[in-house]
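Letter by letter, the chains look like this.
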Amino acid sequence: DGGITQSPKYLFRKEGQNVTLSCEQNLNHDAMYWYRQDPGQGLRLIYYSQIVNDFQKGDIAEGYSVSREKKESFPLTVTSAQKNPTAFYLCASSIGQFSGTEAFFGQGTRLTVV
Amino acid sequence: GNSVTQMEGPVTLSEEAFLTINCTYTATGYPSLFWYVQYPGEGLQLLLKATKADDKGSNKGFEATYRKETTSFHLEKGSVQVSDSAVYFCVGLTGGGNKLTFGTGTQLKVEL
Chain R
1 DGGITQSPKY LFRKEGQNVT LSCEQNLNHD AMYWYRQDPG QGLRLIYYSQ
51 IVNDFQKGDI AEGYSVSREK KESFPLTVTS AQKNPTAFYL CASSIGQFSG
101 TEAFFGQGTR LTVV
Chain P
1 GNSVTQMEGP VTLSEEAFLT INCTYTATGY PSLFWYVQYP GEGLQLLLKA
51 TKADDKGSNK GFEATYRKET TSFHLEKGSV QVSDSAVYFC VGLTGGGNKL
101 TFGTGTQLKV EL
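Residue numbers (my numbering), protein chains in the order written: chain R, 1 to 114; chain P, 1 to 112.
Excised from the complex, chain R in its bound form (with noise of 0.2 angstroms):
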C-alpha cells in the first residue's frame, strides 16, 4: 500500500533538547511539506522540499531544520531554538510542480514540550 507515514504518533520533550520527527513516503513523490498545527488555526508551513537535496523555508522555518537525502524520507528537527514548540506536527507529499495534483498528507505527530 502506498502512502506517507509519520513517526512517532506522540513525542515528549524536555526543554532545551533538539527532536526529529520522521516522514517517510513510497508514492514516488518529488515534493514533500512540514506544516504546524495549532489549537484552532490552519496548517503553517515550516519547510518544503520540491526535489531531492533541496529545501525551501516556509513562513516559520524559525527554529526548525529538514533536510532531504533521499526521495522517499523528510526528516524535521525541532531544535532548542523554537520557543514554542508544542503543537500538532503534519507532514505531507505531492507529485511535484504541476497544478491540480493533490497532496496527501500523514496521520500527523503531536510534540509536547514538558
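Just so you know, the hints here were simulated from the structure itself, not pulled from any lab data. Note that CB positions come from ideal geometry on N, CA and C, so glycine has one too. Zero decoy hints are in this set.
Using 25 angstroms as the maximum straight-line C-alpha spacing, the simulated BS3-like pairs for lysine-lysine come out as follows:
#1 Lys57(R) - Lys99(P)
#2 Lys9(R) - Lys83(R)
#3 Lys109(P) - Lys60(P)
#4 Lys9(R) - Lys70(R)
#5 Lys99(P) - Lys71(R)
#6 Lys70(R) - Lys99(P)
Residues of chain P placed beyond 12 angstroms of chain R at every Cβ, according to the derived structure:
#7 Leu13
#8 Phe18
#9 Leu19
#10 Asn22
#11 Lys56
#12 Gly61
#13 Glu63
#14 Thr65
#15 Arg67
#16 Gln81
#17 Val82
#18 Asp84
#19 Glu111
We have chain R; now place chain P onto it with these hints.
Below, chain P without anything else, positioned relative to chain R:
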C-alpha cells in the same frame, strides 16, 4: 500573495440538516482548489477537488463548484450525519511554487 478565506466555526447542525461552508480565494492566476477533512487526532484527507472554472468536485455526498466569477469554492451537503463531524479545510494550490495555501479550517459538529 495568495490567500484562502473560509467561514469561521464552530458550526453546529442537527443530523439531516443542510450544510454550507463558504470559501473564497485570492490568487494570481487560477489555482486548483481542494476541500480536506480532518477527523479528531488524525491527519488531513482529501474530500474533493476542482482544477478549473466551473468544475464540480463531489464525494460522499459533499459538493463544491469552482466559481471563477465570485472566486469561490463553497462546500455543501444536503443532509449531514453525525459521522461528518470534523474540521474542514479549504485549500488552494498554484503552479510554479507548488505551495498549498490553507484556510483556517471550519469545525463542524453534527448532533442527533
